[in-house]
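**Q** In case you want the letters, here they are:
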Amino acid sequence: MTLLRHLAAAVVLGVVLVLLTIGLNPFRDYQIAEIACYVIAVAGLTALVGLSGQISLGHGAFMAIGAYSAALLLLHLRWPLAAVLVASTVITAASGAVVGVAAARLRGPYLAGATLLLAVALPSLALSDNNLFGGDQGLSVVAATPGFLGPSFPLTRWQAWLACLCALIILVLLANLARSRVGRSWRAAGDNEVAAALAGLNVARLRVLAFVVSAACAGLAGTLLALTTSIVSPGAYSLTLSVALLTGAVLGGLGSLAGAVWGSLVLVLVPTYVQDVATSHGLSSSAGGNIPVAAYGVVLVVVMLLFPEGIQGGLVRLYRPLARLVRPLAARVPRPRWRGAARPPAGPLSPAPQPHASASEHQEEGSI
Amino acid sequence: MNRSHRVGLPAVAAAAAVTLVLSACGSSGGSSSGGSSAALTASAPGITATTITIGSHQPLTGVAAPGYDEIAPASNAYFDYVNAHGGVDGRKIVYKYLNDQYNPTDTVSVVKQLVLQDNVYAIFDGLGTPTHLAVAPFLNSEKVPDVFVASGCECWDAPSTLPETFGWQLDYVREGKILGTYIKQHFAGQKVGYFYQDDEFGKDGVKGLDMEIPKADVVSRQSYDPTNINVGPQVAALKASGAKVVVSFTVPAFTALLKLNSLKLAFNPTYVVSDVGADPITLAGLLEAYAKQGGAKVSGNALTQGIITDGYLPTLGEAGNSWITLFKKIHDKYIPKLPFDGNVLFGEAVAYTFVQAMLKAGRNPTREDLVKAIEGGLPQGPAVAPYAYSATGHSGMTGAYIGVIKNGVIVQQGPVLTTTTSPTSPVASYTGSAPAAPASGMP
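Residue numbers (this note's numbering), protein chains in the order written: chain A, -10 to 357; chain B, 266 to 708.
Keep in mind that a hint or two might mislead.
Stated by the list, open to error - Pairs of lysine to any residue, SDA-like flavour, derived with a Cα cap of 20 Å: (1) B:K468 x A:I280; (2) B:K361 x A:L116; (3) B:K408 x A:I280; (4) B:K468 x A:Q126; (5) B:K602 x A:N279; (6) B:K594 x B:A584; (7) B:K361 x A:P15; (8) B:K509 x B:N493; (9) B:K408 x A:G102; (10) B:K408 x A:L116.
Hint data in this document are derived by calculation from the structure and do not stem from the laboratory. Keep in mind the model is a prediction, meaning the values are calculated, not measured.
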């Protein structure tokens, strides 16, 4: 049932996105592709941080691993696109497993420190072999539109479609994973490790698995971002990116997939919008250049002050009173009558239907 | 259904006829674009009857920003001056430059925004080799003129693969040859060490140096990676090699680091520094700032004293030069808060060249007209040597003079030298005379 509901939501969202990409200009399509890439990475990160309770400041590095793998596979082996997407995701997942094994032994600030190291060190590695990785300049990633779309099909629209398709698939998979046994175990281990271990869960394995899943998402996101921007260079995967991803997850609402979407929208759109406003008001260049960064900070502070649970948490909080207003109206709709007792058969432990419904609704909106 | 068709047809026919007439008018306007009386039309993306919108990517924040963030505001100041004096054939130039933080991925984003959303007529003075290499193929596939890239990479001179792209400043190969010739003549037989940035910038420079300096004289070749500021080992290696002359193809920050690390090791060679990393004002500021971070106090001007470099624009210290007078006047009026240094001069001069090219492209130019106009050659303007623009060559300036930094200003030594990028062509004195700046300040 859940799977069906998630699939249906994905299909609806997919149709809306296709219509959007056709209606908007090529640059907006490019931005949609960029947003979709961020959604994938932030969704993976939010699952790691929000569910399994591990922090990572190194997800930018995982994106770099995916991006460079894809670039090298495309350049040297000329693999087909689908194979490259799968391969670079698998390679990044494997590197996530390695990091995850180390991470499973570390907690809190120590884990943050270790992953920070990854974010700082890995991009420099790309400068170690200029012939292989292309140094500062990086590698160009060429992916033309596939032939079946016709020769005049805009490249940015194809990129947006590809990125959105992958993002929707990842969102559906993650949403189901979060509601599965694994997701529940992650939450249990994240909430209280000792209790989870006493309940028979293998906490270490769960933590590594969370890292693998999260790294795989980052790898796919990195690959798609490289395809969209048609370049992979060390400058793009700096510590700033890793921090931005975490910011996106927190802004949107930790542990919430919908929140990952909000967070990504903020990450991509706010800087562009603010810079546009700044330049159109004729601000001096140094101010204009720094204002997007400042705006970003202001958004973060405001969201955290108003909605400590992130944008999605805030939306849910706004939605609840509304739902309470609407419910009495909905209640007038005639319900099927049960024979005998005018109530569905319920065990002594099951809560009253009304509050239960609203609680689970909140759960669905607020978390994955 | 039928009736509405019958009613609709004449309307469609009329509309078609009107469109035909309009487009005929448009094309007749276009064909007489040379005439000064033709009406101004929206002849290309980014060109309206009243404006020309161009775009650029610039490092306004980040590692490359110090110094380089003055270039675009300086260009804009010159455009403001032109706009205040009638514009280009009556059109005002709107210059939209976006921050790419010197990060190629950001460059892709901002250039896509400029081209796909803002519909700029051309990309002008995009700054940086790694950054601009990331967008040059895209600009060429979209047929957007990509003029006067702010980088001396030889790679912009590729009319067959990058027909829309044009260099402007003296390319690093020519610059290497000119510096190499000077070293060959003035430091004959002395041990020479190289210190260069490990990318196209440094490698092109070394390529030019190697065409002139005898192989046997070069005792050490050290490169650095611009993201790693620890250049101690390279400087130690240069000292150990016994080099008496150190040639450096470095950005200003690394020229300063080279100098400070040498001081620490009591290594005191003659420095020959590429124009890119030798602006005395930027350099002095960096030297003082870095020394302060290290807890020492130095005089920037004392440390830059005697550095040999080259220049392809008039020197800032040459007070009587008409170009310096013009650009100083515009600087003082529009951007008085910025220092009047080499970066500002660069920005104003390249903007001047763009206005020259636009005027040559015609009254109602298409994008192709601009490319054709530049390929037809441009008048010298503020450069000290002529441009090399032709249908088969897209590199810009062809020569420079040798200069020595004295008391914080570059002092020209000897004549302007010109050459080509070919290994066999000699470096020769330029015999032509540089034109003076027009009194109006407009090309």
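**Q** Now look at each hint and say whether the structure bears it out.
**A** Okay, the hints, checked on the actual structure:
1. Our distance criterion of 20 Å between C-alpha atoms is broken by B:K468 and A:I280, whose separation comes to about 36 Å.
2. Our distance criterion of 20 Å between C-alpha atoms is broken by B:K361 and A:L116, whose separation comes to about 32 Å.
3. Proposed proximity of B:K408 and A:I280 is contradicted: the alpha carbons are some 32 Å apart, above 20 Å.
4. The suggested pairing of B:K468 with A:Q126 holds, with an alpha-carbon distance near 13 Å, which does not exceed 20 Å.
5. Restraint check: the Cα-Cα separation between B:K602 and A:N279 comes to about 18 Å, which is no more than 20 Å; the hinted pair holds.
6. Distance check on the hinted pair: B:K594 and B:A584 sit about 12 Å apart at the alpha-carbon level, within 20 Å; holds.
7. About 19 Å separates the Cα atoms of B:K361 and A:P15, which keeps this hinted pair within 20 Å; it holds.
8. Distance check on the hinted pair: B:K509 and B:N493 sit about 25 Å apart at the alpha-carbon level, beyond 20 Å; violated.
9. Between B:K408 and A:G102 the CA atoms are separated by roughly 47 Å; this puts the pair beyond 20 Å, and the hint is violated.
10. Between B:K408 and A:L116 the CA atoms are separated by roughly 32 Å; this puts the pair beyond 20 Å, and the hint is violated.
The structure fails hints 1, 2, 3, 8, 9, 10 (numbered hints given earlier, in ascending order).
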